[in-house]
Amino acid sequence: MQRRNLNIFLLSIVILVSASSSYAQLLPISYDTLEISNEVILDGGVDYYSTAIEKDITSKFIRGGFISEQMKDNSLAKHGAVNRFGGIGVGSIEYRNYKRKIFKKKNWGYLIKGGYNAFFGMIYSKDMFGLAMYGNEMYRGETIDMSGMNMSFMSYQKIGFGLIDARSKSNISFNVYNISNRTTAQFRTLELTQDSSGDNLDISMDGSVELSSNKKFNQGIGFGIDADFKFPIEWGKEDNMAYIQLQAQNIGFAYMYEKQQVYKMDTSFSFTGFSFDQIIGENALFGDSVSVLDSLGIQSSEKNRTVLLPGFIQVGKIVDEHSTKKLQSFFGIRLYPTLIYSPFLYVGLNYKPLEMLNIGVNASYGGFGGFRGGLYASLKFSNYSIGIATENIVGFVSKKANGESLFIKLRWAI
Amino acid sequence: MLSMKRIIVLLIVTLIASSCKKKQTIWESDWSSPLISDTLSLDKLVNDSTFSENAGFYELDLNRTLFDLNISELIVIPDTTIKNTFSFSATLPVSAGTDFVNNVEENDMNVQDVQLKNIILKSGFIDIRVENPLPTIAIFTFTLPGVQKNGVTFTQVYFAPAASGSVPGVVTETIDLTDSEIDLTGISGGDYNLLRSQINVKSDPSGPDITITPSDITKIDATFRDVKVNYARGYFGNKIVSDTTELLIDALDAISSGTADLPASVIQFHIENGIKVSGQMSLTSVSNENSSGNVVNLSGANIGTNFNMDAATGSWNTLTPSQKVIEFNGTNSNIETYLENLGKKHKVGYSMQMNPWGNVSGSWDEVFPNSKLSIRMTATMPLAIGLENLQLKDTFAISLNQDSDKTRIKSGDIILQASNAFPISAEIILHLLDENGTVLHSVIGSSILESSLTGSMDANTGLLAANSELQFVLSEDVLNDINDVKSIIVDTRFNSINPVTNIVEQQSIPFGAFLAIKLKTKFTTENKF
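Chain order of the listed sequences is A and B. 40 is the number of the first residue of the first sequence in our numbering; add one for each residue after it. 5 is the number of the first residue of the second sequence in our numbering; add one for each residue after it.
No lab work stands behind these hints: they were computed from the structure. Where a beta carbon is used, it is the ideal one built from N, C-alpha and C, also for glycine. Treat the hints with care, as some may be off.
Claimed, not checked - Only pairs whose alpha carbons sit at most 27 Å apart, straight line, appear in this in silico BS3-like list of lysine-lysine:
no., chain 1, residue 1, chain 2, residue 2
1, A, K165, B, K349
2, B, K532, A, K254
3, A, K298, A, K342
4, B, K410, A, K254
Stated by the list, open to error - One-sided and incomplete, this derived list gives chain B residues near chain A with beta-carbon spacing under 8 Å:
no., residue
5, T29
6, S33
7, D42
8, F129
9, K526
Produce the complete structure using the sequences and hints provided.
Spelled out as structure tokens, the structure:
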């Protein structure tokens, strides 16, 4: 019975890891300079958050469920002029072999990794949230201003091979990516004005939308690198040492060999309803010979695209596993090459009450949201270690939170 | 080894877990949009009649041509080949440059029912084929003495090559006969449909002396092809043309029940004769059938009576057709009953005969390029209509599909806002039918489309106009069945009630009457993600 429960527990953890699939962003890096032979790391998590949308809505988009009017009202009240919403998700497995030396004169082993990544983010106006959640009926006599909207989504899988320094654990890997889905939308101008009687719609658009033109799983191929370098620095008094980590993930390009449907629009028009001639007869708008998109000034084409992978660079001080101090600080900054994701700053304290236990708290600001608090714990026993963390502690306890975050990392060192 | 197994198991479990599907995210939102904005007028509704104004009200001017016979249908000359041969009765030595002249021959043009004396061609061709059986070059001169173009008699000269053994030398040519004038009176000058021709054959003056035999037959075949006549004179026979023609008025096919009260009207049949031939004409029957299958015959003394048609007078540019008008009015016929049957299909039977008294013109019947024989029906009536529950049902096929697992319209309203300047009210019901024609739902307009008589003066048009707003509620029950709906019947009942007396009366349609429509939607979507 106990064994069965243990299996369920392990299975639950694995499901959490894989289903949420995100990067162990702030988990205390178990920076261990002890040399070992092999290491398997299974990590993952999900982190979605927003400047304004509360968790009881965003969680419905993750897990499903009904979004009530009260939920919509609560989130709408939190919206400002410019808002961000986004999330990242990763599930990965990595095998490291430190024993087999790739080069005779270097203490470099190798690593093999594979995983699934997803990145979604958008900047949007309060009106856009209102239109999506409530419809246009409540905006009669007003202008729905969605200008400046910028949205990006990409999901992809990767496999990589790389080299790892057996002592410092610094590593670099070269990855091949399969892009399975990609959507972007950018609107410099997107306005919808309605008169109070609902007789007239004025639409003004200047922007573009790109999305996959078919449902194939393989839409494009990409090449990129992951890098993780750790540098010792002097820290504080008494010649204390600390480690700075420079981490880069998924830095590279992808070529979308499947044609992407591209809609470009720089148009404005007024719609009061169709005339009978427009809906009946040979020259009807919906007839075979007439393109509705053309008549609205929207250009549609199919193109191959070369695009940046949604990679990031992170620099920060990390926790030293072999430090004699029970309390250590960590901090850093993370950058994605997109305006949707603002520079993400974090700072935290790690407390090590026992040799086998680390717990910590952190605070962060930026990314897809504002200020957040985080909490983590990791446990090491024998050759195994497990860590669990959240970058949004409020999200665990309150429906009013602006997102949810959970990361789990399993490590097995041999 | 054990560790690798664990890794593989973990990986497999991970992949299985990744394939788990989340529940649907569901929320509701409210949308509204204009659908149709247009103004209907009689000009847009009717495209085969004209409306005129009479004292500020519409008058209907119906004008349909039932029959139209022009010169190309009256005088038809089929493709005809005339064969001219020249032969010798004995074997003779012939020296170079000897002439052989044939007699003028007559050729029947194979024209049926008509005795033509003279024609002028609008277009046509003659294909000529010359065969020379002589062992020397032969010079053929082919003459059509009755054919002239620009005052010059038709004469063609052909140098036919010598025969090679039994194979004759051949020359072919096609000549355009446009604007040619042809005399078909034959050699005597008093016949008809006969074309004269003559061949002259001369042996090559520079060639050898030859011997001809009775088997050496020289030939010229002349084929008249694609001949169209611009003018004809003769006796055109006493041809009888009779037929029944149908007129369909599709708009009346939608009438399901109810009655219409129309004002006293007049229907006229105009017979125009642009041919210089006298004749007789009669309307054998006039009837209509409405959408319920009820047939009404137009009756009166003018049905079945022969009317004489005078011949046209003048010629060419001075040609003046004769006119004959046969009128049906409230006095001489049951025209009001006939019209109030609101027939969708009208049948008009007629019979016409040319020269019923024989060749009284002495073969001087004439037809000119602008000659035609036509029957035209006209009707003029004030557009004053009394309607009592006149029910029009128009069916439209539709195919809508909502997936209950995807974003769908949960409920909604269709809102019709109208400004009506017609003195007619309307009640509108939408019947939603499945593929078997069974009514699944009937959506009744929340109010009636008001007659202009209940409205006020429209400042822009100076007409009475009444504003109405009709709401058609599409409930959740209706939208749940929307996938089964294959057609919609728009069921409309019209009434022309005087709001003062509350009695159905004939109401004149004011000139410029309009129906301005705004159709809008307001609906709630159940969004699923």
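A quick look at each hint next to the structure:
no. : hint               : verdict
1   : A:K165 with B:K349 : 62 Å, violated
2   : B:K532 with A:K254 : 19 Å, holds
3   : A:K298 with A:K342 : 5 Å, holds
4   : B:K410 with A:K254 : 17 Å, holds
5   : T29                : 5 Å, holds
6   : S33                : 3 Å, holds
7   : D42                : 4 Å, holds
8   : F129               : 39 Å, violated
9   : K526               : 7 Å, holds
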